[in-house]
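Okay, here's what each chain looks like letter by letter:
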Amino acid sequence: MQPGALGGGGGAVYDRGYRPYEGPRGRRGAATLALFKASVRRALGLRRSWRQKVAPFTLLAVVTMPAIVNIGVGYVTRDQLTDRIEIITYRDYVGVSSALLLFIAIVAPDVICPDRRQRVLPLMFSRPLVGIDYVAAKVGAIVAILFAFSFIPQMILFIGNMLVSDSALDYFTGHLDVLWKVPLAVLVLSVHYAVIGVAIASLTDRRIVAGASVIGLFLVTSIASGVLVGDFQAGEGSAAALINVLALPLYLRDVIFLGNIDPRSPLGGVANGGLLALVEFLAVVALGLTVLWRRYRWTEH
Amino acid sequence: MQTGPLFRLESLTKRYPGVTALDDLTVEVPRGLVGLVGANGAGKTTMFRLMLGLARPSEGRLEVCGVDVAADPIEVRSRLGYMPEHECLPLDQTAADVVATFGELSGLPARDARQRASDILDLVGLDEARFRPISGFSTGMRQRTKLAQALVGDPELVLLDEPTAGLDPVGREEMLALVARLGTFGISVLMATHLLDDVQQVCDHVLMIDGGHLVVSGATESLLERTGVVTVDVGSGRDALVAGLAGLGLTARVVDDLVDVTIDGDDDLDRVRDLVADLGLPLHRLTTRSTSLDEVFLRRAGESS
Numbered sequence: 362m363q364p365g366a367l368g369g370g371g372g373a374v375y376d377r378g379y380r381p382y383e384g385p386r387g388r389r390g391a392a393t394l395a396l397f398k399a400s401v402r403r404a405l406g407l408r409r410s411w412r413q414k415v416a417p418f419t420l421l422a423v424v425t426m427p428a429i430v431n432i433g434v435g436y437v438t439r440d441q442l443t444d445r446i447e448i449i450t451y452r453d454y455v456g457v458s459s460a461l462l463l464f465i466a467i468v469a470p471d472v473i474c475p476d477r478r479q480r481v482l483p484l485m486f487s488r489p490l491v492g493i494d495y496v497a498a499k500v501g502a503i504v505a506i507l508f509a510f511s512f513i514p515q516m517i518l519f520i521g522n523m524l525v526s527d528s529a530l531d532y533f534t535g536h537l538d539v540l541w542k543v544p545l546a547v548l549v550l551s552v553h554y555a556v557i558g559v560a561i562a563s564l565t566d567r568r569i570v571a572g573a574s575v576i577g578l579f580l581v582t583s584i585a586s587g588v589l590v591g592d593f594q595a596g597e598g599s600a601a602a603l604i605n606v607l608a609l610p611l612y613l614r615d616v617i618f619l620g621n622i623d624p625r626s627p628l629g630g631v632a633n634g635g636l637l638a639l640v641e642f643l644a645v646v647a648l649g650l651t652v653l654w655r656r657y658r659w660t661e662h
Numbered sequence: 551m552q553t554g555p556l557f558r559l560e561s562l563t564k565r566y567p568g569v570t571a572l573d574d575l576t577v578e579v580p581r582g583l584v585g586l587v588g589a590n591g592a593g594k595t596t597m598f599r600l601m602l603g604l605a606r607p608s609e610g611r612l613e614v615c616g617v618d619v620a621a622d623p624i625e626v627r628s629r630l631g632y633m634p635e636h637e638c639l640p641l642d643q644t645a646a647d648v649v650a651t652f653g654e655l656s657g658l659p660a661r662d663a664r665q666r667a668s669d670i671l672d673l674v675g676l677d678e679a680r681f682r683p684i685s686g687f688s689t690g691m692r693q694r695t696k697l698a699q700a701l702v703g704d705p706e707l708v709l710l711d712e713p714t715a716g717l718d719p720v721g722r723e724e725m726l727a728l729v730a731r732l733g734t735f736g737i738s739v740l741m742a743t744h745l746l747d748d749v750q751q752v753c754d755h756v757l758m759i760d761g762g763h764l765v766v767s768g769a770t771e772s773l774l775e776r777t778g779v780v781t782v783d784v785g786s787g788r789d790a791l792v793a794g795l796a797g798l799g800l801t802a803r804v805v806d807d808l809v810d811v812t813i814d815g816d817d818d819l820d821r822v823r824d825l826v827a828d829l830g831l832p833l834h835r836l837t838t839r840s841t842s843l844d845e846v847f848l849r850r851a852g853e854s855s
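Protein chains in written order, with my numbering: chain R, 362 to 662; chain S, 551 to 855.
For reference, chain R alone in the conformation it holds in the complex (with noise of 0.2 Å):
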């Protein structure tokens, strides 16, 4: 019998022992990855069972179908001598969707809440990593899967739109800003949401409290925005409007699509609006990042 074998008869069991690894091994950046693409999986419902899979991909299909609807609208009218009839803008596709709120009230406490609740924390930062490798991994994550949701259906509705209409190549020519305006602006609203997700998510361990605050942060900011601005003409919006956390990326969105606020939006008419959102943004990101720095400084002094 040979070394290790267990067992006789026809038959034998092998222990196959211990083995040494002797690859190649990251560090830092290898295990901030790691728990990027664990992250993402988790998000996603992948490796999961099906019903973790329902919200994630519910969520896709809800988002994409306006660029759907849109491109058959553009198939069916396309022989038409009138202007295209067009369902949705570019810039109206950005952040469109409430669902994006839902799905950030969902998966965000679902990708934080559980290590802490469940420990896991300290097998996690036993490994070559430090906290501002877990808030990256954890808030790059969301921001991927957001920005990913956003930027998949407005890439859609391109290639449809491209398509039905009467050149392909000349719609391309001629709608070239698309490529960078879309990117950008979904860009900054993934970030915003994802980092206000986390930073609420990552004060509790209790995922329901963590969903319900979040949804509450946005709900409450958009009321309290609206009683202050009350009714307003075009050009005629108040600063107050700033306090909606939940309506500011679409303020920014305006200043990338249009240069400018949209006049017709409860910022429209503000002196500075556009800097004013920027500034806020910029504030609101600092500050939630400050809040996971302090939450995953694991390391004691």
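Treat the hints with care, since some could be wrong.
Claimed, not checked - FRET-style restraints, in silico, Cβ to Cβ:
1. S:Gly733 / R:Gly577: 48 to 58 Å
2. R:Glu383 / S:Glu637: 46 to 56 Å
3. R:Leu578 / S:Ala660: 29 to 39 Å
4. R:Ile569 / S:Ala715: 55 to 65 Å
5. S:Gly582 / R:Glu383: 14 to 24 Å
6. R:Arg478 / S:Gly736: 28 to 38 Å
7. R:Glu383 / S:Glu578: 25 to 35 Å
8. R:Glu383 / S:Asp820: 49 to 59 Å
9. R:Ile513 / S:Glu578: 30 to 40 Å
10. S:Asp574 / R:Leu482: 24 to 34 Å
11. R:Val588 / S:Ala660: 43 to 53 Å
12. R:Gly577 / S:Gly582: 53 to 63 Å
13. S:Ala715 / R:Tyr379: 15 to 25 Å
Treat the hints as calculated values from the structure; they're not laboratory data. A virtual CB, placed ideally from N, CA and C, is assigned to each residue, including glycine.
Go by the hints and put chain S onto chain R.
Here is chain S on its own, set in the frame of chain R:
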């Protein structure tokens, strides 16, 4: 083969507000299977946190596997595996996913991490259960999964915090057997426990701390002092042996079907052996009784306080 001490403490002190967790520890510990022994609150967890670079010493210096922890905690962590005492596993994932993920977090490429996860789960006896969610695991299976995640990164040193906690006697024996095997794989172990029997069974070096102070550090065998009593197993002839020993002037008594004989040196040992032969008794066993680690700990801790 790694050389040099497993870890070296130089005047290591860790203070928290109102309490000194570790007080001026200076010791050098060789590679191998090491027991870290102390009562609850003795400073074992603080020691682990310092070794992992998750806490910084108030004073002194700590070197693990030849690396100064304060200078490069990331390098130290890449060489260590850690198995906490408490529940720490994501319950809704399979053992294979969890161990592979922690392999990647240890710096292994994804493909290698999955392969090693499979191998290590096989090693700890979870090969058939590796695709089941951890929520359905027994305490013993969870302990094995925790050990597997500590090993998947192929550490030089694995820190085990009460690895037999909550296990039934069979599970405890199996876990200790696994720990003992790690030494044969060239992996050093620092096993924190308050169960001195576990240490005596597995470890070849013992570090005892009490109230943050170093009680004793040394090879397990060297700490187990001889008591001057030998135990003789001669089967049913024990009464005849006791009578014969009394005739030689040696004190002997029957304890649990065995004969305990108080001796004074190797000459007495020879006389016991010769008497057994003269009486024509079968000599099944003749052993020198040593102190237990419990006795060593209680005595040394009492001396140092």
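Hints, one by one, checked against the model:
1. In this structure the hint that glycine 733 (chain S) and glycine 577 (chain R) lie 48 to 58 Å apart at CB holds, the actual value being about 55 Å.
2. A hinted range of 46 to 56 Å is violated for the C-beta pair glutamate 383 (chain R) and glutamate 637 (chain S), which are about 33 Å apart.
3. One distance hint, 29 to 39 Å for the beta-carbon pair leucine 578 (chain R) and alanine 660 (chain S), holds here, with the actual separation near 36 Å.
4. The hinted window of 55 to 65 Å between isoleucine 569 (chain R) and alanine 715 (chain S) is violated, with their beta carbons roughly 31 Å apart.
5. Our hint of 14 to 24 Å for glycine 582 (chain S) and glutamate 383 (chain R) holds, since their Cβ atoms are close to 22 Å apart.
6. Checked against the given bound of 28 to 38 Å, the beta carbons of arginine 478 (chain R) and glycine 736 (chain S), roughly 36 Å apart, stay inside it.
7. Between glutamate 383 (chain R) and glutamate 578 (chain S) the beta carbon distance is about 28 Å. The supplied range of 25 to 35 Å therefore holds.
8. Range check, glutamate 383 (chain R) to aspartate 820 (chain S): about 54 Å between beta-carbon atoms, so the 49 to 59 Å window is met.
9. Taking the beta carbon of each, isoleucine 513 (chain R) and glutamate 578 (chain S) are about 59 Å apart, not inside 30 to 40 Å as hinted.
10. Hint check: aspartate 574 (chain S) to leucine 482 (chain R), Cβ distance near 30 Å, so the stated range 24 to 34 Å holds.
11. For the pair valine 588 (chain R) and alanine 660 (chain S), the beta carbons lie near 51 Å from each other, so the given range of 43 to 53 Å is met.
12. In this structure the supplied range 53 to 63 Å holds for glycine 577 (chain R) paired with glycine 582 (chain S), their Cβ-Cβ distance being about 56 Å.
13. Between alanine 715 (chain S) and tyrosine 379 (chain R) the Cβ separation comes to about 24 Å, which falls inside the hinted range of 15 to 25 Å.
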